[in-house]
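> Turn these sequences into a full structure, and let the hints steer you where they fit.
Same order as they appear, the protein sequences are chains W and X. For reference, each letter of the first sequence is one residue, going 1 to 438 in the numbering used here. For reference, each letter of the second sequence is one residue, going 1 to 415 in the numbering used here.
Honestly, the hints are just simulated from the structure, not real lab data. Where is the CB? At the ideal position from N, CA and C, for every residue including glycine. Honestly, I wouldn't trust all of these hints.
[Said to hold, decoys possible] Residues of chain W placed beyond 10 angstroms of chain X at every Cβ, according to the derived structure:
(1) Ser68
(2) Leu122
(3) Thr376
[As the list claims (entries may be wrong)] Restraint ranges, calculated between C-beta atoms of paired labels, are given here:
(4) X:Ile76 with W:Phe273: 23 to 33 angstroms
(5) W:Gly40 with X:Val248: 47 to 57 angstroms
(6) W:Val119 with X:Phe58: 41 to 51 angstroms
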Amino acid sequence: MSDTHAQTVRFVRDSMLPQAAPPAGQAGAVRWLRENLFSGWLNTILTVLGLIAVFFLLRGLVPWFAHSVWNANTLTECREIIAQIWGPDARGACFAVVRDRWQQWLFGFYPAHLYWRPVLALVLLFVALAPVLVPGMSRRLMAVSAIYPFLGFWLLWGGSMWLPVVALLGFVIGWVVWRALRGVSPLLAIIAAVIVPVLWWLLAAAPVDRALSSAIPLGIDAVRSDRFGGFVLSLTIGVAAISLSLPLGIALALGRRSDMFLIKTMSVCFIEFIRGVPLITLLFTASLLLNYFLPPGTSFDIILRVIIMVTLFAAAYIAEVIRGGLAALPRGQYEAADALGLNYFQAQRLIVLPQALKISIPGIVSTFIGLFKDTTLVIFVGLLDPLKGITDAVRASMEWKGIYWEPYIFVGTIFFIFCFGMSRYSMYLERRLKRDNR
Amino acid sequence: MANAVNRPKDTFRLGMLLYDTRYRSLTIQIVVFALVVAGAAWLIDNTVQNLAALGKDFDFGFLSMRAGYDIAQRLIPYSQNDTHLRALLVGLMNTLLIAVMGCILATVVGVIVGILRLSSNWLVARLMTIYVEMFRNVPILLWILLFFTAFTEASPAPAVFRGDEGQGLLLGLVAITNRYTAIPDIGVTRGLGSVDLGLFSLNLTFAAIVGVIVISLWLRGRMIRHAAAVQEATGRRPTTWWKSLLIVILPVTLLGWWMGVHLLVPTISGFNFTGGVNVPNAFMALWLALSFYTGAFIAEIVRAGILAVSRGQTEAAFALGLRPRRTMSLVVLPQALRVIVPPLISQFLNLTKNSSLAIAVGYLDLRGTLGGITLNQTGRELECVLLMMLIYLMVSLVISGAMNVYNSRVKLKER
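What follows is the structure in structure tokens.
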């Protein structure tokens with residue numbers, strides 16, 4: 001064919017040219033720069049402004065970090081070292097404070113020889129969470145999850161082993177009663193499974209605890225709540241409130257979407273009240289007013305009171321998030337569940353909630369992140385949070401008087417790692433649970 | 001058929017309360033309601049007993065007693081001889097001030113950052129991502145403390161500015177010192193005075209300016225409507241831009257010129273700045289921290305809102321021959337706003353509630369006056385905390401109510 005062309009049309013080429021390199025302005029780094037940084041006058045201005053901002057930030061920060069000192073005992077010593085090495089005008093970070101006092105930021109005033117207990121509690125927390133967080137984990141680990149609240153409490157606060165055991169026994173008794181009566185009447189079984197454990201905790205638990213403690217005194221050193229502080233405190237409050245607020249939030253969301261007028265009204269009032277007031281006022285309620293609301297003479301732990309209030313606070317927000325998920329679910333799903341003859345609880349458990357919770361994962365996780373960040377507010381009711389409580393305590397000492405930026409950077413970085421990790425995990429969870437047939 | 005005839009229609013057995021779906025919901029509601037009422041009664045009974053045991057009563061009379069403490073920043077006149085109620089109002093005004101200013105700045109920051117994060121500019125998009133992630137993943141308290149430290153530790157004392165006149169001031173107008181930020185004030189040479197209205201005094205100069213602006217805006221609205229009507233009738237839109245500029249700008253300028261409005265630049269005298277307004281660092285730190293923290297959340301909301309409008313909408317608008325600006329205002333924004341406004345409301349509410357963290361920097365807002373000094377002086381925890389919660393609740397309800405009205409206006413009318 002090429003022959004014919006060669007004879008009929010002179011200017012038709014019969015062999016391919018070798019591929020030429022693209023023009024310099026259309027390839028490699030230049031092209032990338034043109035497309036991404038200088039594609040128009042507006043973008044060029046933005047890029048220049050951005051570069052100027054980055055330049056000034058780095059000019060301020062890089063020397064400060066580069067001159068940082070990690071080995072010193074006091075701030076004055078730190079400054080002297082910087083002046084010695086980098087000249088009298090140099091400014092540098094003094095991260096020696098972190099090296100010197102990191103235990104306080106992590107553990108507060110927890111006794112030093114007992115540090116292994118919060119650490120073990122944290123490790124066990126991940127073991128307990130593993131069946132929930134990681135797909136394909138052995139279901140047997142659920143046993144650890146079930147006893148973890150009691151184990152964690154015992155590890156953190158210490159004391160007699162029998163108190164958490166007796167408390168746990170209440171749940172076991174409830175379950176046994178439910179199994180025994182289930183055949184007779186399901187309703188009776190549920191009522192009995194609620195009432196019997198409550199009676200156990202109210203009447204029998206204290207004497208049994210005393211009897212067991214005197215008979216077989218097993219226990220570890222007790223740690224008082226005022227020794228708690230730093231990230232141990234933040235994580236204790238955060239984890240407890242997160243795990244308690246999720247079920248409460250689900251109940252409130254279902255209550256708010258219920259057809260029953262009274263239930264709905266009460267849920268709405270509760271949610272709107274909690275969402276309308278700042279957390280700080282609720283914490284004040286916990287520290288100042290609970291003494292009024294409880295029977296005369298009762299006084300219980302401030303950390304526990306704060307956990308209760310933070311839980312109620314987070315539950316209202318989670319309820320709203322889950323309500324959004326419930327509303328986003330197509331009506332057909334509810335109708336299909338009804339058509340299958342499932343009753344309300346079956347329908348919610350098997351059809352509605354799994355899908356609604358999946359939709360609300362981003363919202364739930366961001367509520368959790370907010371809750372974890374809000375644990376810093378406990379400083380205002382006298383608990384030593386890592387951010388202000390411990391930092392002020394460190395700064396109050398003679399050695400580290402006048403140190404400001406380094407503690408904030410240290411604590412901020414830890415918070416960032418936790419919160420950023422949680423948000424990335426929620427993205428991963430979203431992708432993993434994504435089905436096309438939503 | 002026999003079954004149908006023998007249906008136990010009229011007999012009511014107790015078990016039906018539980019097993020019959022017609023009655024079960026009623027039973028559940030009554031039981032739950034009874035439990036809640038019993039719980040509330042128990043709490044109230046405990047409170048009554050505890051109050052009696054402490055020899056206290058439940059009385060808001062303390063609000064009319066002399067407060068006896070000073071408040072540095074106040075929007076309404078107040079002295080320490082005024083009542084606790086007055087102090088409460090000063091605190092409430094401070095809370096509202098920080099909330100309103102915070103919401104405005106947070107929205108500006110959020111919208112700009114949200115749009116820039118979607119920009120095709122690689123550098124700017126990355127920088128904005130870093131800003132958003134940094135602010136969202138760290139407690140707000142840290143930002144408040146950091147901003148406060150930056151103001152108090154990294155800026156000079158006012159006396160440093162002494163000597164060289166006007167030197168060292170940003171743009172010659174603003175001075176950031178370690179105690180306050182001195183900003184220019186607006187002064188008038190021929191003011192209209194003020195009228196005392198009991199609770200607060202009304203500044204007539206300010207009222208006149210606001211009134212003139214409102215009237216101008218109303219007139220401009222009429223003019224625009226008229227232009228639209230002309231366009232409907234004739235197909236030609238009269239030029240409006242210079243008219244609206246004239247209507248809005250001219251009257252206010254004339255009024256300002258007549259009253260002699262001028263800037264009062266802060267000048268150093270002795271150890272302090274006078275002439276301008278000295279904004280305490282507590283306010284500045286709280287305001288900036290709240291705005292930038294909430295701005296990061298708003299940026300994400302704006303970004304999600306813009307991404308939610310599919311590209312086909314813009315292309316369809318272009319195909320219809322709409323200009324980019326009208327495409328934005330008529331097609332993209334209405335749809336994006338539908339997604340943006342509801343979460344924006346809850347961010348505004350969050351900002352308002354977070355303003356109670358003023359406690360960290362000693363800015364006397366509602367929590368600082370009523371829930372702080374008043375509470376400690378009078379020892380009435382129950383009344384103070386309950387009243388504080390009630391006021392915050394009202395503020396939240398008013399904000400969410402107002403924003404819901406706005407939301408129902410921007411919402412797409414479906415079917």
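> Confirm or reject each hint.
Right, here's what the structure says about each hint:
{"no.": "1", "hint": "Ser68", "in the structure": "holds (18 angstroms)"}
{"no.": "2", "hint": "Leu122", "in the structure": "holds (20 angstroms)"}
{"no.": "3", "hint": "Thr376", "in the structure": "violated (5 angstroms)"}
{"no.": "4", "hint": "X:Ile76 with W:Phe273: 23 to 33 angstroms", "in the structure": "holds (29 angstroms)"}
{"no.": "5", "hint": "W:Gly40 with X:Val248: 47 to 57 angstroms", "in the structure": "violated (32 angstroms)"}
{"no.": "6", "hint": "W:Val119 with X:Phe58: 41 to 51 angstroms", "in the structure": "holds (47 angstroms)"}
Hints 3 and 5 from the earlier list are contradicted by this structure; the remaining hints agree with it.
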